[in-house]
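S.K.: One-letter residues, chain by chain:
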Amino acid sequence: MDFSFSSDQQLLKNSARAFLDEHVKPAQVRLLWDDPRGESEALWKEMAQLGWLGLALPEDAGGSALGLVETAILQEELGRAACPSPYLSTVLAAMAIDRFGSPAQKSRWLPAVAGGGARATVALMERALDWSPQSIETRAEERGGKVALSGVKQFVPWAHVADVILVPALSGSTPAVYVVEASAPGVSVTPLTTLDPGTRVAQVTLDGAAVAAEAKLPADALAFLLQRGAVGAAAEMLGAARRCLDMAVEYAKVREQFGQPIGSFQAIRHKCAEMLLEVENSHAATYYAAWALASGAEDGALAASVAKSYVSDASRKVCGDAIQVHGGIGFTWEYDLHLYFKRAKALEPLYGDAEHHRELIVRRVAS
Amino acid sequence: MDLNLSPEDRAFRDQARAWFQRNVPRAELKTLEERRAWHRTMYDAGYVGMGWPTEYGGRGATPMQQAIAADEMARANAPAPINGLGVGFIGPTIIIHGTPEQKQRYLRKILTAEEMWCQLYSEPNSGSDLASLRTRAEDRGDHFLVNGQKIWTSGGHIADWGILLARSDPGVAKHKGISCFLFDMRQPGVEVRPLKQITGSSEFNEVFMTNARAEKRDLIGRLGQGWEIAQTTLGFERGGNSMARVTRYASAFDRLVDAAKKIERGGKPLLEDPVVRAKLGNVYAEMEVQRYAALRVLSALQKGASPGAASSITKLSYSEFEKRYYELCLEILGPYGQVTDGGLEETTLDVDSSSGVRSSWAYAFLWARAGTIYSGSSEIQKNVIGERVLGLPKEIRADRVAKA
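Residue numbers (the working numbering), protein chains in the order written: chain A, 1 to 367; chain B, 368 to 771.
In case anyone wonders, no lab produced these hints; they're calculated from the structure. Just so it is clear, the structure is predicted and the values come from calculations on it, not from any experiment. A couple of the hints might just be wrong.
[Unchecked claim] Within a straight-line C-alpha distance of at most 27 Å, the following computed DSS-like cross-link-like pairs (lysine-lysine) qualify:
1. K397(B) <-> K470(B)
2. K317(A) <-> K342(A)
3. K13(A) <-> K761(B)
4. K317(A) <-> K470(B)
5. K670(B) <-> K317(A)
6. K543(B) <-> K761(B)
7. K646(B) <-> K317(A)
8. K761(B) <-> K253(A)
9. K761(B) <-> K541(B)
Go ahead and model the full structure; you've got the sequences and the hints to work with.
M.R.: Right under this line is the structure:
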């Protein structure tokens, strides 16, 4: 039993940290916040070259065939940098196509994702704000060998830059996940402006959007997407929280009031200790879940729900407490803390919010 | 990263599981002698003092195997071994700091629980500020004369021996004037009074020492080294039992779910109430995170890391969680959670809470208040984490300023 990263995993973490420190500084993040597209083509190509986009994809698709732990390591670093990027949604969709897709779907999308030529996303939310299959309102109707999709998907991450969107819909009463090209007629994307300009979301309207009848993944893909999305989001939130903790501790060592560094006051020191506790527990929760899903452990789905619900609360607290430790400076636009505070907050409702995952936990352990 | 048990550990677990299933006492153990006999059975089977070196009667087991055995013990709902402080940290303290004579005299009887041990550290005016302790040990040539009062001595009423911190030199800085002794509890001049706690029970005692003796041969380490010794060994109390602790929480959770199915509110079982479900989901997630964190600590111990100050994170985490956990249990159970006797079978707890006592939800709820106070309060743990893990500056303290 070994909970620590292997040397390869540690190497991946270190190199990701070094790359992001160099290329995704807070100033770059702010530029992308102001960019209409919100992400950088050049950065995306670099991620492809570094092998990040194909990390968990098979080698014959140009990937590295690594697992969810490695993906989580990268996602933590991306969260730590508050990097604006459709990384999580793209990798998630690609992993589902890899797991459930036909050979044709795989050859169409996986090399394109791994090579940086395609972005993808998943449309898991609707008006009901419930992630259960029975709440899906989007319809799939067979029309002469094709399927027409109709419905409205809400808060779809990075839909405005996606080439392909995974769309859960009901055919009769049977759910499936349709693989929809964003350029197809009947698909329209309306971007929203939200709290974190580094996590773009959009409304996706499907007005009889036509897809080939075979362009779908089985219903199992739905739970797969929710679980892996939950762990990915938890990893990003963990990264944001760790960054905020580090900034708060550094600041508490140098900021002086009443003639002493504020970190010498128990009111501040104890807050920092509580933040560390939450960050370490979040680390344990995130990587346990990543490992459990990757290794097919029987509690993988449960652990994913534990991680998302726990880390949502913990990261909000840690990032918020970091602002409190900083005082007034932490409330300014100019200071960088809010980049991470907002990133953690933005991920809370995506891939199942804490409340939904708690309900999933109860269904598993108290039936 | 690989959280699977190794084949050896899996085999060890299967063996331990089978042993506890076969041997766990069917009837409740009522007397000390019955508990001692069960302790002895476990010791003979190799499940007590497992981490001790073989030369002192242990089996030199890995941290993982110790955790597995403790976990299987909890899983089988087996009564805990007795002499926990003796086996858990006093013995190891003697192994690290003791003389060959002390090892020869004391260690084996700690393991077999032939001699019961207690810890004589806290005093009425020295809680978090333990180093301010005032119990005196005066050098009288052939022995030390001990006068003072100790408090929060768990098991003091059944102890044969205690590990004692006392001031041997009042003339030097407070941390430097403390010495550590092995102290005979069965002598004239030692009076033990039970301390009735908010639980109504008395797991702790007050100990009064009036012209009592500590023998010269029973000094541990050097004169004035007591504080240092206490620091190195306090960490023994933390970390290794975390997995078993979570297993006990999990068995309480199962009881909670059973009760939530039986108890109704507004004509429906509590378990169908969305608010109750949200609370259950929340507390289960927190409990699982305790388990994952325990595995992570265990993995580090297994690799030979010394947890050091980071063990404060573990202690802070589980003790604060336990308080929230039983608060939530009682919140969900309402008045049923407060029944200590005469309640319905399906709404009572009847598992060992962390105190090791077979008991009620109300007891577990009350007992949870102790965890964030004993063995370094949460506030002290946060100071340690802040200073030694995060490297934050030390606070300016009146006692440090005075000595400067």
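S.K.: Indicate, hint by hint, whether the structure satisfies it.
M.R.: Cross-check of the supplied hints:
Under the criterion of a C-alpha separation no larger than 27 Å, the hint pairing K397(B) with K470(B) is inconsistent with the structure, at around 31 Å. Taking the CA atoms of K317(A) and K342(A), the gap is near 12 Å; set against the 27 Å cutoff, the hint holds. Proposed proximity of K13(A) and K761(B) is contradicted: the alpha carbons are some 32 Å apart, above 27 Å. In summary, the hint linking K317(A) to K470(B) is not supported, as the alpha carbons are separated by about 49 Å, beyond the 27 Å threshold.
The straight-line distance between the Cα atoms of K670(B) and K317(A) is roughly 32 Å, outside the 27 Å bound, and the hint therefore fails. With a CA separation close to 20 Å, the supplied pair K543(B) and K761(B) stays within the 27 Å bound. Annotation: proposed proximity of K646(B) to K317(A) holds, straight-line Cα distance about 19 Å (limit 27 Å). Proposed proximity of K761(B) and K253(A) is supported: the alpha carbons are some 10 Å apart, at most 27 Å.
For the given pair, K761(B) sits about 18 Å from K541(B) by alpha-carbon distance, which is consistent with the 27 Å threshold.
Comparing the model with each numbered hint stated earlier shows that hints 1, 3, 4 and 5 do not hold.
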